[in-house]
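*Asks:* Following the hints, position chain B against chain A.
Chains as they are written, first to last, in numbering that gives the first Met the number 0: chain A, 0 to 392; chain B, 0 to 300.
All clues given are correct.
Covered by chain A, per the in silico footprint, the following chain B stretches (three or more residues, Cβ under 8 Å):
hint, stretch
1, 80-87
2, 179-191
3, 264-271
Examples of chain B residues lying across from chain A (beta carbon under 8 Å, computed):
hint, residue
4, Val98
5, Thr176
6, Leu256
7, Ala259
8, Gly280
9, Val284
10, Ala287
11, Leu288
12, Tyr290
13, Gly291
Listing some non-contacts, in silico: residues in chain B with all C-beta distances to chain A over 12 Å:
hint, residue
14, Leu39
15, Val41
16, Arg45
17, Thr48
18, Trp49
19, Ala53
20, Thr69
21, Tyr128
22, Val131
23, Val160
24, Ala226
25, Val232
26, Leu237
27, Ala275
Hint data in this document are derived by calculation from the structure and do not stem from the laboratory. We put the beta carbon where it would ideally sit given N, CA and C, even for glycine.
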Amino acid sequence: MASLTPTSRNWLRWLPAAVVPAVIAVGVIVLPSQAGAAVDLPDKSPEEILQLVGESSVDALSGTLSQSSNLGLPELPSGGSSATAGVASMLGLLTGSHSTRVFLDGPSKLRLQVLDDLAERDLIRNGNDVWLYDSSENAATRVTIPDRDVDDGVPPSPSPEAPSPESHSPEAYGTGSVQTPAQLAEKFLGEIDSSTVVTVGTDDRVAGREVYTLVLTPRSDDTLVGSVSMAVDAATGLPLRVAVQARGETEPAFELGFTELSLDTPGAELFAFTPPPGATVEEQELPAHDDLAHENPAHENSAHDPAGTSGEQSMHQPVVSGTGWASVIELAAGTVSGELAASPLLTQLGQAVNGGMLLSSSLVNVLVTDDGRVFAGAVAADQLQAAATASVG
Amino acid sequence: MPDSAGELDKATARQSGNWATGTGRVARHSVGLALFVSELSVLYRRRRTWAMLAALAAVPILIAVAVRVTNSTRQSGRGPQFLDQITQNGLFVAVTALVVSIPLFLPLTVGVVAGDTIAGEASHGTLRYLLVAPAGRVRLLIVKYVGAAAFCVCATLVVVVTGVGIGLALFPVGPVTLLSGDTIGFSESIVRLLLITAFVTVSLLGLSAIGLFISTLTDVPVGAMAATIVLSVVSQVLGALPQLDWLHPWLFSHYWLSFADLLRQPIAWESFGANALLQLGYIAVFGALAYGRFLTRDVLS
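In isolation and in its complexed conformation, chain B is listed as follows:
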């Protein structure tokens, strides 16, 4: 990395020249890939990332152990959904853990990662060095977002995989009862769990885009993280108010619990498509806002 101010300016000028003329596409492609790899390695070298993943993994473990130790036959309708099914089928540990994690734990960790994307680099003073590389601001923004999205996949997978693992260890596994009352076999239920993982991951992409935008506004990562997490709570509070039901389909948290539609027979795909479209809208709007902000901003740190 160049470390003198003169080289820095030259490099910035070169990359903006490339941006304007559209040349050097192949070179910048590999730069983008290298940037993405380094972004991931930085993300997963952080102890904070591992602490958050461990906290997420603790959710299904706590649920499974608590159910196993007390071993009482739960009354239906008490506690989180699917809780009473765990004793019959260990795979429901993963589903119950997702129901518990989606309102707070998953948005919390995603908010931390997404809020840190740009503001974290700015606060460390590394942002201008990143911009020196011939990748350009757009590419950096995209790489940062894809990194946050990769964390969404990872966070959801951690909850599901830990849930399935501890469920298999502590409880019997048999045919899975769907919401419709039909039962499916083990292999199909694994497919459904993977679909649910995909659904929940997609559900978090809108929040990541919001976090990315907020992160371009400030040099204080904690502020961006807190604002992102607060927004996820606000969205859910608004979603719980029946007086605002005209607003509900527009909230990014609207379909967060609709992954249950994948547990119906036949699968109700409408919410999957609607959720993907909604999250895509959030990505487009807040991606455009982040683009506007990040490209016009003076990077001083």
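Bound conformation, chain A alone:
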């Protein structure tokens, strides 16, 4: 030290200012990538991993889910008039990024908490009772599920065997598109057929757990979906992360995965919900399973019924054309409420194309025709237009 000149000593005193950011950069960049690289699980074939998912029997967990979407849709203005607020918040769930806490204990006890800024939306299910709570409105809604549904269609169960009847799942209310990676994985795995190539990707780490990666790649070139990758917990077979890659993109267009996961049974008090004092409470009864079935007539009639005149029922029945990944869903005129179709958001987000308005994203295209029909699919816009023309003829 004594031999140092003042200049070199000054240089040494600036050293921490250079070292500290470097250390932080190393900590941020190198450590997470090393954690992933260190994972080396015994090799498994895609079939073995699928079997692992099928045999998964996790029925209690608590964790934090993080959803991020990069669909290439413009950011929506927050706030705005109340007429568009509902649509905007719905689209916000789809397009934005948010995190959700999940608590699960058995097939009939579930709590989802969508963590908003300074607010929270909760879904609490305890047996037949489902409570929805929105802290920004201080409003609680109680939905009673008919007995029959409790036994069969258990929507939130992460077990892949359980069917997921969306039309009457409690999630159709309030918390919107909140799903667990397991439900999403189940949906994609259900699609596996000759149109899909299933491969095993590199082992990784999700929420601190070692995972196998399953990559589903559509064979068809018509679809916008490039690949779907699924992280499957090596120990339990529980899908921990699902990422959908759009064709030609490097970042996942949609990603849903656990950032934290514990397989301990959450405390029972989490599932016992009493509306807070001062909250507005609303009661709702879900229609029984049979009623819903009656409302769902056979597909065929409505397809060639452009005006949607064959009665109330057919109007809500989507028609699917095309196969596999490139299928196009058609909703007859009148299915989408006029309010939505006339919403300024549509003109703001969409672009006018031949025959209607096109909502375009990297993964899904939606065409609202001038006569009110809606075509949607993970396909290019011209295929939607072709489907619209074919459907009229």
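*Replies:* Relative to chain A, chain B alone:
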């Protein structure tokens, strides 16, 4: 304090000798403590400090009185968060006051204190006298930072304690409704309020470190204060731009409103840890910058 230039040089030489050899640790420890006590007493003897604390205390009082006087049942979703809960529970005055204070009032006062740390002494011409004491520049820098951090604790506590006080005086206090819709009792809500105080204090530590660094750059305290406050605004503006969402987790203001995570059931601790880590990073980076600047700088005033 020595007041002749010759003694001053000798004292500086002695302290740098101590620094190099590492001797005299015990003596310098007590010097550091004495310096810290004198720093605090100078800070709290200033009328400016008390004026700022009074302004912070005015925030919950204004909110509580305004709600009490109008006494109208607010529409949900209007005004700051938690405002409509105040009439049911006075403890929410403190939370609402924090929501209102965090974007501007708290950074403003912290910016004034942190920006004044070194530049204030330099502008008064007292900096070289402080360096004469055998404490050394590093110790002075640390003492100045700890003093600013102590003000962060004090400023947040003033808002919360005044809020609880005026809330108890003007409104009924019952079970507190959390964001998750669950309710907790009075004693647990006090614990949560203390946790929130800790969270907000930690949130301000990064800004204090930035203020300390800027303060070593200049002899004009007002400039350092203004620059610190402007940076806190800039950080929040950047945080509001969705196009820059890759940058957001790196902004020191990113978790400022995340104290709401302590009002969930169960408490979401992730943001507490993430915030602490982020602020620690800012303290490390700007502390190192301040160290580099302050130790190589010629102190002439």
